[in-house]
Structures are given as C-alpha cells and as structure tokens.
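Could you slot chain B onto chain A? The hints should help.
Protein chains in written order, with our numbering: chain A, 1 to 282; chain B, 1 to 286.
Bear in mind the hints are in silico, worked out from the structure with no lab data behind them.
All the pointers check out, no bait thrown in.
Derived BS3-like pairs: lysine-lysine, alpha-carbon spacing no greater than 27 Å straight-line:
| # | chain 1 | residue 1 | chain 2 | residue 2 |
| --- | --- | --- | --- | --- |
| 1 | B | 208 | B | 96 |
| 2 | A | 137 | B | 253 |
| 3 | A | 191 | B | 4 |
| 4 | B | 249 | B | 56 |
| 5 | B | 52 | B | 253 |
| 6 | B | 135 | A | 57 |
| 7 | B | 52 | A | 133 |
| 8 | B | 119 | A | 57 |
| 9 | A | 169 | A | 107 |
| 10 | B | 207 | A | 169 |
| 11 | A | 14 | B | 194 |
| 12 | B | 249 | A | 133 |
| 13 | B | 249 | A | 137 |
| 14 | B | 207 | B | 96 |
| 15 | A | 169 | B | 208 |
| 16 | B | 96 | A | 14 |
| 17 | B | 150 | B | 249 |
| 18 | B | 119 | B | 249 |
| 19 | A | 133 | B | 253 |
| 20 | B | 194 | B | 208 |
| 21 | A | 107 | B | 4 |
| 22 | B | 150 | B | 119 |
| 23 | B | 4 | A | 169 |
Partial chain B-side listing against chain A, Cβ under 10 Å, derived:
| # | residue |
| --- | --- |
| 24 | 13 |
| 25 | 27 |
| 26 | 105 |
| 27 | 123 |
| 28 | 231 |
| 29 | 233 |
To give a feel for the contact side, a few chain B residues facing chain A, derived at Cβ under 8 Å:
| # | residue |
| --- | --- |
| 30 | 101 |
| 31 | 106 |
| 32 | 219 |
| 33 | 223 |
| 34 | 229 |
| 35 | 257 |
| 36 | 283 |
All values reported here derive from a predicted model rather than from experimental measurement.
Glycine included, each C-beta is placed from N, C-alpha and C at the ideal position.
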Amino acid sequence: MQAAKLQPGDILVKTLIWGFLILVCIYCLIPFAWMLSTSLKTEAEAFRMPPTWIPLKLTADSYIGIWVRKNFGIYFFNSTIISLATAVLSTFFGALAGYGFSRFFFKGRRFLIGFFLATQMLPGVLLVGPYFKILSKVGLYDTRTGLIIAFLTICLPFSTWMMKGFIDKVPDELDQSAMVDGCSRLGIFFKIVLPIVAPGMVATILFAFLLAWGDLLWALCLTSSESMITVTLGIARTVGEFRIIWPMLMAGSLVGGMPAILLYIFLQRLLVQGLTAGAVKE
Amino acid sequence: MWIKDRHMWMVFVLPGVILLILVLGWPAITSILYSFETEQAGDAAYTLANYKSLLKDPFFSTTFWNTTVFVFFSVALHMILGLAVAMVLNSALPAKPMFRVIALLPWVVPDVVAGIIWKWMYDPIYGALNDLLIKIGLLENPIEWLSNPKLAMTSAILVNLWRGFPFVMLILLAGLQSIPRHLYEAAAIDGAPKLQQFIHITLPGLKKMIVVALALDIVWEVRRFGLIQAMTQGGPGVLTEVLSTYTYKQYFKFFRFEYASAISVVMTIVLLLVSLPYIWMISQEE
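The following block holds chain A by itself, in its conformation from the complex (with noise of 0.2 Å):
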C-alpha cells in the first residue's frame, strides 16, 4: 500500500525526515564521541592544532591514572554509598506513602499530595545554607550521612510518586480479599503488594540513585574532604585546577557518566512516569 502510493512529493518529504533526523543524531552524539576520542589520547596530542578525532597513538593511560594518580577509586565508593543509601531509604518510605495516597481517601489526602509535588519544586539552593550550618552544628558535616540526609530531600517525593504509580496499578480487591481472609493492612502491604510491585522497586530505586548520583550542588556545599566527595564533585574539582589534563577529565566524565548512560537505557520505559508523577501514563 506504501509503495502504491509514493509519489515524488513523498520522496521529498522522506529525504527531508531523514536528513533532520541525521542532523539530530550528530548534534546528540559528537560531544560524546570528542569524550572518547579525547580520554584515549595522550596529553600531548589533545593539545594539537589541528585537533585529531581519531587518536594517533591510542593509549589507555587516562582510564589507568583516574583511579591510581587521582583518588577515583574513593569517589567512586563514596557516590555509590550515598546514591544507594538514599536510593534504599526513599524508596522503602516512598512505597509507604505511596501504599497510602493510592488505598486510602482520607481529609487532607489532595492537600498532601500538593505539599508532596510542591517540595519538588524547590530550588535546592533554599536549603544548603540551613543544611550546612545545622550539619556543622550536630558533626556530619562532611560526612556521607549528612549528604544522605539531604539527597533524601530531592528522592522521597520522587520515590513517593513512582512507588504511587505503581501501586495504583495493583488491584484493590487483592488487598479486599486479603482483609476478609482476617490479614492485617501491613501484612497486606509487606507480603501481598511489595512483592508485586517489586520490579518497580527496583526501578525506583534506581532512579532515585541517579537523582542522587547526579547532583554537584550538595556535595559541593556539603562536603570538603577528599576522603568524602563524590565523582560529580571530584570531576568538578578537577577542572578548577591550575593545568587541566583533558584525556584524563574525559576519561574520568566517562567513566563518571557511565551508570546513569547504562541505567537510564534500560529503565527508559519507566522515565516519563516517574519524572512527572504519573501525569503522563505511557
């Protein structure tokens, strides 16, 4: 039927289709192809006029010298600590509340699902002042607790709604049944619907770990030692320095990046709904 019907003004808006979809491809990619191309060059060679896109002499001395000459290793142990801690945390309150806004219609319920939607919309910069000198005050200042505190402010109410979202699609007259057979509301909760909705789990945690993983604000703010900062921060550092080696920045923002590039692919599907609190069911 396609082929019956092509006429040259078709051919002509396919081309253009094409050729915009190829303009597209390029602008996304080529900022990640300099990345790579870079971080597996030699100092010298990043350095040359004209730039090389394809490394004369390919070495791999950057992804070694991340973790051995710069302290990688640890800020890739503290962002993972911290990401995973808050992640675990949000998600466990977050499928509570989540269990509660979706199963329960109670006063107040429109008036707390707005304060939850609304405290994602503040700007973090309102809280880093009060964090920093409250954290000072009680000792975790720059410790990973103290960020896991405050990350948790940018995950529960994300958390909240991806867990809602997923509860919602879970029937009530599971729970209905369950009660009548004389199980309690939390044994319903514990050992009928969080299992069901354990796939989901595991994407909001990870969503709710890359929330976290991406942040710079906070660690900046928070934190000060090398021992406790995390990748973002340590990327960020690095380009503040006095001589700043690319191949190593690049292969270090790589490497860095590589988490959320692999875990944003696979959770895709799931992206849109949690980010606008289900407005948008795909």
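Then chain B, alone, in the frame of chain A:
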C-alpha cells in the same frame, strides 16, 4: 487491630510526611527566617534589610535577567526541537528504539559531565567545535565561544538546548502516541492538509503534555546549577551568572548566608508560582 482501617492511612503516609517535614520543611523555614535576619541586627530582630539590598544590588538584577533569558530561550528551544524530534519519531520509522536512545543520551549524563564536555568542545584553540565548523566551511576563524562577552550566554543556551530537549521529546512522544490514529485517518479521508491536522488534532491532543513539559522544564532550568558551574562558573564576569550560581557564591564565597537566603526565597516564590497550575492539575486528578 486497634486502629480502624480507615485510619490506617496514617501508618503509611505519616512516616514519609514527617520525614519530609524534618529534612525539607524545617530547613526551608529556617532559610526563610534567615532571610529576615542580618549579621548586625542580632538574633532577635527581623528586618526586610536583605530584601531591600536585593533591590539595590546591580548583580542581583543582572543575574535575575540572565536567568530569565537563559530559561526563556532554553525552554522555547527545547519545545521546538523536542516537538520536532518527537513527531519524526512518532511516524512509522525503522530503528525507532535506537534513535530514541541516541536522542536521550545528552539528558542522562550528570550535569557536571555535560558542562565539562562542552567546555572542552568549545575550547577556542584545541576544541572540536571550531575545527568542525571550519572544516565544513561554516566558519573562517576560530570563535571564542565562552570567553567572548557577546557570545557567552548564547553558547551556554546552546549547550542547554542539547542537554534538555530529550526530556521534552520523551514527554511529547508519549503524548503523541496516545492520540488515536483514526483521528488522522478520518481527517485524511476528508482531505484535510497536514498543517490543518497538526493544528486541529495534534496540538489539542498534546495540550496536557505541553503543560507538564513546560512546567517541569521551567522549574529545572531555573534551578540548573551543575552545568553552568562546571562550564563557566558564571563568567566571563557575570555574563552567564544565574540565580543558582549567584546564590551559591553568596553562601560559600562571601558567607553572606542571610543575603543568600533572601535570593533563594525569591527563587522559591518564582518556582512555586510557575508550577502552581501543574500542581493544581495533578492534585485535582488524584
């Protein structure tokens, strides 16, 4: 059970609410209170001094204006490119998932990484962009993308276009896929041209998604920090300084906590006003 089932919501919802009040509500209110204090006046007195000096601070007005320009053009360009790519991807196309992943890449890397890649892309001597543009003949001499005062903001917006359009694309794509195909088929049978179909079917069908994308995008772009911080740190001068980087400087470079709080309160008010329709829409649906 000693709690009636209709009260059980408290067991589920309150831990989250209390946690949120502790980690977010309390610091937010503390910050608002700071903004009414001054270093000189002592603890007891609340004044409007910070807000008054805000109005007189030329850097604040510059930064506010910069943020407005940055957000306006970023969001407008996100919408245009996002919609265009979404429409292309929504048509029957081979290898659609692959294109979707490619178009999503700029959005998934951490802000800092995006900022740093582009700082290096833009490098006037060793960077890739000048080299490419000269090679394909669009440019004769290298351009100083980030250090030329006339170009710095434009360059920053272009990076942010790259970074932010995928999200708008993703939302609008989801919206496009929810518009029933038969509407277009019916219109085609009636002989309605493509432009008419776009105006009378596509845009109305996307209305809600456009509201969602606009609200979230504006909020995120106003808050954008890591990208600018990694790329220009607000420079040259204050030409790419936005509210979030300026507030950060007030806090941790000049240690004017009260003043910084006042700026962030203004930011918060703006953000809540912008997102109010969105919050309203969703909480009504629930």
